[in-house]
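Chemist: Let's have the full structure, built from the sequences with the hints guiding it.
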Amino acid sequence: MDNDKIGQIIDKYQGEASSLIQILLDIQHENHWLPRSALEVVSKKLNLPLSKVQQTATFYKAFSVVPIGRHEIHVCKGTACHVNGAQDLLEEVEEVTGIKPGETDPDAKFSLKTVNCLGRCGLGPVIEIDGKTHARMSPAEISDALKKYE
Amino acid sequence: MPLIKSPEELEKVREEILSRRDPHKLCISVCAGASCLASGAGEVIAAFKAELEKQNINADVDTKGSGCPGFCEQGPVVVIHPEEICYLQVTPDDAGEIISQTIVGKKPVERLLYTDPDTGNKVVKMNDIPFYKNQVRHLIGNNIKIDPKSIDDYLAQGGYAALAKAMHEMSPEQVIEEVKESGLRGRSGSGFPAGRKWEFCRNSEDEHKYVICNCHEGDPGSYADRRLTEGNPHNVLEGIIIGAYAIGAQDAFVFVGDEFPQTVENMRLAIKQAEEYGFLGKDILGSGFDLTVRISIDGGGYVLGESTALMASMEGRIGEPKTKYDHATDRGLWAKPTVLNNLQTWANVPLIINNGAAWFRQTGTDGSTGTRVFSITGKIKNSGMIEVPMGMSLKEVIYDIGGGTVTDKKFKAIQVGGPLGGFVPESQLDVQVDYDQMTDAGLAMGPGLIVADESTCIVDMVKYFLTFLAHESCGKCTPCRDGIRQMLHILNNITAGRGNKGDLELLELISTVQKKAALCALGQGASDPLLSTLKHFREEYEAHIEEKRCPAGVCKALGAVSSGANV
Ligand SMILES: Cc1cc2nc3c(=O)[nH]c(=O)nc-3n(C[C@H](O)[C@H](O)[C@H](O)COP(=O)(O)O)c2cc1C
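As given, the protein sequences belong to chains B and Y, one line each in that order. Each position in the first sequence, counted from 1, maps to that position plus 502 in this note's numbering. Each position in the second sequence, counted from 1, maps to that position plus 453 in this note's numbering.
Hints listed in this document are in silico derivations from the structure and should not be mistaken for laboratory results. Think of the CB as a built atom: it goes at the ideal place given N, C-alpha and C, for glycine as much as any other residue. You can trust all of the hints, since none of them are fake.
The list that follows gives simulated cross-link-like pairs (lysine-lysine, DSBU-like), each with its CA atoms no further than 30 Å apart:
1) Y:Lys-777 to B:Lys-563
2) B:Lys-563 to Y:Lys-725
3) Y:Lys-602 to B:Lys-514
4) B:Lys-563 to Y:Lys-775
5) Y:Lys-929 to B:Lys-563
6) B:Lys-514 to Y:Lys-789
7) Y:Lys-598 to B:Lys-634
What follows is a set of in silico ranges between Cβ atoms, one per label pair, in the way DEER data are often shown:
8) Y:Trp-812 to B:Pro-537: 54 to 62 Å
9) Y:Asn-580 to B:Pro-537: 50 to 58 Å
10) B:Pro-608 to Y:Gly-558: 58 to 66 Å
11) Y:His-621 to B:Lys-507: 42 to 50 Å
12) B:Gly-509 to Y:Trp-812: 51 to 59 Å
13) B:Lys-611 to Y:His-924: 21 to 29 Å
14) Y:Ser-624 to B:Gly-509: 44 to 52 Å
15) B:Asn-549 to Y:Glu-622: 47 to 55 Å
16) B:Asn-533 to Y:Ala-499: 25 to 33 Å
Residues from chain B that face chain Y, not an exhaustive set, calculated with beta carbons under 10 Å:
17) His-531
18) Gln-557
19) Lys-579
20) Asn-586
21) Cys-623
22) Gly-624
23) Val-628
24) Glu-630
25) Thr-635
Modeler: Next comes the structure, spelled out in structure tokens:
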């Protein structure tokens, strides 16, 4: 992500330090993760210590400070999904992708994350891959679905 | 759209909207809530449009993506107005048949109707389906008629009349009096009387005041709050504007999670439309009152729903709770007097102003008035978003609305109030949806109800909640950060077959200390699921510890093969 783009985002919030979270959210949406270089630009422009920017970037769930793969897998760990077998699904996804929640594989193909509740509890267990919902999946079905991704 | 400057102009605009609409005209409403969209509602809407065009009747029939009517389990839900014929689990392939049979031929498509599981009879109309019939839907009843992206739809249903009434017929004090009189209590589960909170803030000396709508809903397994906001954002917004007028606040905020993009999108659009019509901005409806509403997106985390953490996060800081030396109504956001209410609390305000406090009190119990919107999920047949009158028993909620457990496995417990709530066993299902009864039963009235049947392991569920809270604890205070971890450690041992005699007593001891010593309600309430299950399901813990056996067959180390899925 280039510095001009980050500059534009910061300008949108009039360079207000109190908008730090909103600014980081915009960068996260744009770039899918927060590289250190971007945090440095934010720190300089908002006149905030880098440590403060990093603290924010690591405190909130929405941010990732590691690169994200080509496909983002979100396994819903809401209570309804849990009682309907989300743990088995998660274990299957870990098995197929070789990564744990919060990780990206070495080929940068998949990133895996668990989310608290996607709000589609009637369809549980729910997995979202690149924003597309896969409802009422069995471990075997998710394993097949994942094999289709390049 | 020229700004609306008076109640008379508002009524003129409303008449104009209604005059363009024929109440007898056919309209196909497809639920465009997040759950139905995930089940393909977008494709269904497109298929209807294409089919109407193909048959050349698109001028005679409207199509609409509507707010969520609640029957999420059976989505996509389609309702055909004005008869309110309800079709369930509709796919794009069904569009042709629905149009030929129902729209043109005036006959229902039998196979897409709801089948009563007891009688086998088909039910044609939405409100005759037991799931709907047994609810009282003051807040969400109109969702199926409203496109959440259309302010005109909201106006056609009488929207913003309460705002005009409050601003032109009532003083701020009278609005507060009416809300106090209505008995409206905080819908986050806190149960704090809304009118009293508003009054404290109004009476606070500082001129600059804020109101905040808490749309955070970080509980896992609950989605009523965001679905309500997403399905009828103007209803929530109208409540906020009336409240801000009563309190004397010039700035309002909607605090909502980054992980709910649809809620953010619909609310953002609603604010823009309200500005264009003159319900927000300067001199609202010619009253001289000014208000701006902004959206504050949070970065995610359960604790952010807590008031001090929420305000810290809105100020751009780390969302950690702090000790409450001051009331937010004196020193809240940016140290200014602030009213924070849950979005369901705000959504009730237009109802109260339109119909009066006495009308509002007719529903519910003496101490808990009005209705409550929940999501009900888990091992329940009719999972979805429901609205029930206060005073309804949990048994009625589960069986009359929810239809009982999913397969015919035996009911075990209902979990109320999420990670800081408790479990109710079958023997206590007479407990009513009522703040005081729920508190006495050790429950918090959060927006999520989760049903467990005999294939659910209670120890595993409690472990699940503590795992969640261990991740979500902000880490600031030791009792919460380490207490949860220690409790979880013991539970992990118990479910792995390494439980020891004395573990349960140790868990109780840690809970007691944590309840007294934790800084905020997250730490204080973290052991509530544990304590309520130690009371009602102790033998299940003992089976894990003493017999190394998981009666529900969930805990893998104790011989189970799957984690309890039965659907
Ligand atoms: C850990 C924690 C999480 C909370 N989460 C929410 C939430 O998601 N939504 C909400 O409205 N209130 C939540 N609350 C309660 C709020 O702090 C606050 O009491 C509430 O928004 C006040 O609204 P009410 O008076 O209308 O109920 C939470 C409290 C705690 C301790």
